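Chemist: Sequence:
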Amino acid sequence: MRRALEHARQGLGRTTPNPVVGACIVSPEGVVVGQGAHERAGEAHAEIHALAEAGAQARGATLYCTLEPCAHTGRTGPCADRIIDAGIARVVAAMEDPFPQVRGRGFARLQANGVQVEVGVEHAAAVRLNQPFLTAVRLGRPFVIMKVAASRDGYIAAAPGRRTQLTSAAAVRHAQYVRAQVDAIAVGSETVLVDDPLLTAREVYRERPLTRVVFDRRLRTPPDARLLSTLSAGPVILVTTREASRSGRAAALERAGASLLVPESDGVAGALRCLPGEQIHSLVLEGGAALYSAAWDEGVVDYVQMYVADVEIGSGGVPMLPDRHFSASSLIEATTSVLGPDTLIEGYVHGPH
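So the sequence shown is numbered by my numbering: it starts at -15 and just counts up by one.
Calculated directly from the structure, the hints in this document are not laboratory data. It cannot be assumed that every hint is accurate.
Distance ranges between label pairs, derived from CB positions [what the hints assert, rightly or not]:
hint : residue 1 : residue 2 : range
1    : His107    : Pro144    : 43 to 49 Å
2    : Pro325    : Glu187    : 18 to 24 Å
3    : Pro206    : Gln263    : 23 to 29 Å
4    : Arg226    : Pro82     : 50 to 56 Å
5    : Val111    : Pro325    : 31 to 37 Å
6    : Ala312    : Leu215    : 32 to 38 Å
7    : Glu296    : Arg210    : 26 to 32 Å
8    : Ala96     : Gln263    : 29 to 35 Å
9    : Pro206    : Ser321    : 33 to 39 Å
In this text, all values refer to a predicted model and were calculated from it rather than measured experimentally. Beta carbons: idealized from backbone N, C-alpha and C, even for Gly.
The whole structure should be built from the sequences, with the hints applied where relevant.
Modeler: Right under this line is the structure:
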């Protein structure tokens, strides 16, 4: 199963709206005869790749897979039928697939056709690996990572409205690596006005377009913002209000290439519920303080990545979560890494789900 999980990781940043899945087939003699990963939505699932590699050796073997095999026809056929036809004797799955068209049906079809089924091996690891997919299916919104660059004393900028570079090249490279694996980056309009960021994945390989989301109720984003010059890297979505979407500013931004998204309800949570329809299951919040605070207050931050720079700013700085309690020690399954002179502290807010 751990080998299957390693294969599943090959799909990170590539399979949305599908989950990442890995599979491994082991003969009765304990020999690995087939393995594979789901690499892109619309292409063969991990089980099919593993069965193709195993060929006739699949008969009587055990198939290990990180998620329940599907039993419905979507863009590909049902994996459960292919497993049965190949003569697999036993399926060991890490977890059930919560997607409504699967949700136990794959296991039931296998068992009805004489295949032994075992569920739960490395369950926790499989859940962690598929947090974006699971969050989208169960909560109807993306898995939200709050990414923060802060000073030792907890400030994210030297002063309101002042662009402040805090972290080292090593931390920036790590953040770019994260961008290569998520579906979208989100910032508030103040960040666009102050930093004029590109919000692209740089110095890393990324196969799919990276969506950039700007929370901009008043459509303050200028049509000549730098991120609108990078549409070849991925779409730019401005989350705004119905009133603002009917203004002249909206027309100018649409001519510049932006897409406008008007949620049915107010707040960050309402906007997030619109994003799975845009093929966004994982989202990194990259600033600023107003967006961090709104997402934190609404309880939609799932994971925190805090890059702590070896500098102090002092009381005139902009706090990460003003007038709110946050302690890195309260993060669940927290880890600490050294990135050059900086320290990365990361962990779950609510725990994997």
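Chemist: Please list, smallest to largest, the hint numbers that this structure does not respect.
Modeler: 4
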